[in-house]
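Trainee: Sequence:
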Amino acid sequence: MSDNSWRDALAAERMRVDREFEEQVQSSSFTRQQWGLVMTAVEFDIDGPSEPETAQLVADTSKLPSVMPQIEQMEQSGGGMGAPAGGAGGGGGSGGGLLGKLASILPGGDSSGGGKRQDEAASLAQEYAEALQQRLEKRDRWQAICEQASAE
Numbered sequence: 001m002s003d004n005s006w007r008d009a010l011a012a013e014r015m016r017v018d019r020e021f022e023e024q025v026q027s028s029s030f031t032r033q034q035w036g037l038v039m040t041a042v043e044f045d046i047d048g049p050s051e052p053e054t055a056q057l058v059a060d061t062s063k064l065p066s067v068m069p070q071i072e073q074m075e076q077s078g079g080g081m082g083a084p085a086g087g088a089g090g091g092g093g094s095g096g097g098l099l100g101k102l103a104s105i106l107p108g109g110d111s112s113g114g115g116k117r118q119d120e121a122a123s124l125a126q127e128y129a130e131a132l133q134q135r136l137e138k139r140d141r142w143q144a145i146c147e148q149a150s151a152e
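The numbering of the sequence shown is the UniProt record's numbering, which starts it at 1 and goes up by one.
What the hints contain is simulated information worked out from the structure, not anything from laboratory work.
Hints are supplied without guarantee of correctness; some may be wrong.
[As the list claims (entries may be wrong)] Taking CB as the label site, the calculated pair distances span:
| hint | residue 1 | residue 2 | range |
| --- | --- | --- | --- |
| 1 | Met15 | Ala144 | 12 to 22 angstroms |
| 2 | Gln76 | Thr54 | 40 to 50 angstroms |
| 3 | Ala151 | Gln76 | 41 to 51 angstroms |
| 4 | Gln73 | Arg141 | 35 to 45 angstroms |
| 5 | Glu20 | Val58 | 14 to 24 angstroms |
| 6 | Ala144 | Pro69 | 31 to 41 angstroms |
| 7 | Gly115 | Ala151 | 30 to 40 angstroms |
| 8 | Gln73 | Asp140 | 35 to 45 angstroms |
| 9 | Ala9 | Gln33 | 19 to 29 angstroms |
| 10 | Pro69 | Glu147 | 34 to 44 angstroms |
Idealized CB from N, CA, C, for every residue including glycine.
Let the hints inform the model, and build the full structure from the sequences given.
Mentor: And the structure:
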């Protein structure tokens, strides 16, 4: 069996979870385009697949450092092109809006060298994994996925 057979089985459910997860992405400091890049660096693993009732889908975010420079570069070059249209008319917001994004790229705005953004990306990826597992459980697919993962 392929190393990715159970991961391949997640594809259709992931597309649905992607749509359902858009609100969390919009509430974050990431644009859709940046979130897409984050997800290219995330792999999913199952902790304890031999016991589906206690198994957990986890986001392996160990490759995030490889994409964070690209995400920061997108920020600096106006990478908001993938931002939701709803934010286009507003001006004076705070937090994750334009001012928050500008603060994160200015010297002193994020002294952790991308660490805060990377932590946010990892946290959001784990939230996504939890939403995906919940969907699989609701659709009675979790046990089969765990069985496939356990067999590999």
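Trainee: Per the hint of 34 to 44 angstroms, is the separation of the Cβ atoms of Pro69 and Glu147 within bounds?
Mentor: holds (39 angstroms)
Trainee: Is the hinted range of 31 to 41 angstroms satisfied by the C-beta distance from Ala144 to Pro69?
Mentor: 38 angstroms Cβ-Cβ, so the 31 to 41 angstroms window holds.
Trainee: Do the beta carbons of Gly115 and Ala151 sit within 30 to 40 angstroms of each other?
Mentor: For Gly115 and Ala151 the Cβ distance comes to about 38 angstroms; the hint holds.
Trainee: Given the hint of 35 to 45 angstroms, check if Gln73 and Asp140 actually sit that far apart at their C-beta atoms.
Mentor: holds (43 angstroms)
Trainee: Can you let me know if the beta-carbon spacing of Gln76 and Thr54 is within 40 to 50 angstroms?
Mentor: holds (44 angstroms)
Trainee: 35 to 45 angstroms was suggested as the range; check whether the CB atoms of Gln73 and Arg141 agree with it.
Mentor: The hinted range 35 to 45 angstroms holds for Gln73 and Arg141, with Cβ atoms some 38 angstroms apart.
Trainee: Ala9 and Gln33, beta-carbon distance inside 19 to 29 angstroms?
Mentor: Check passed, 27 angstroms falls within 19 to 29 angstroms.
Trainee: If you check the beta carbons of Glu20 and Val58, does the distance land in 14 to 24 angstroms?
Mentor: With Cβ atoms ~19 angstroms apart, the hint holds.
Trainee: I want to verify a distance hint. Is the separation of the beta carbons of Ala151 and Gln76 within 41 to 51 angstroms?
Mentor: At roughly 46 angstroms between Cβ atoms, Gln76 and Ala151 fall inside 41 to 51 angstroms, so the hint holds.
Trainee: At the C-beta level, are Met15 and Ala144 separated by a distance inside 12 to 22 angstroms?
Mentor: holds (18 angstroms)
Hint violations for this structure: none, all hints satisfied.
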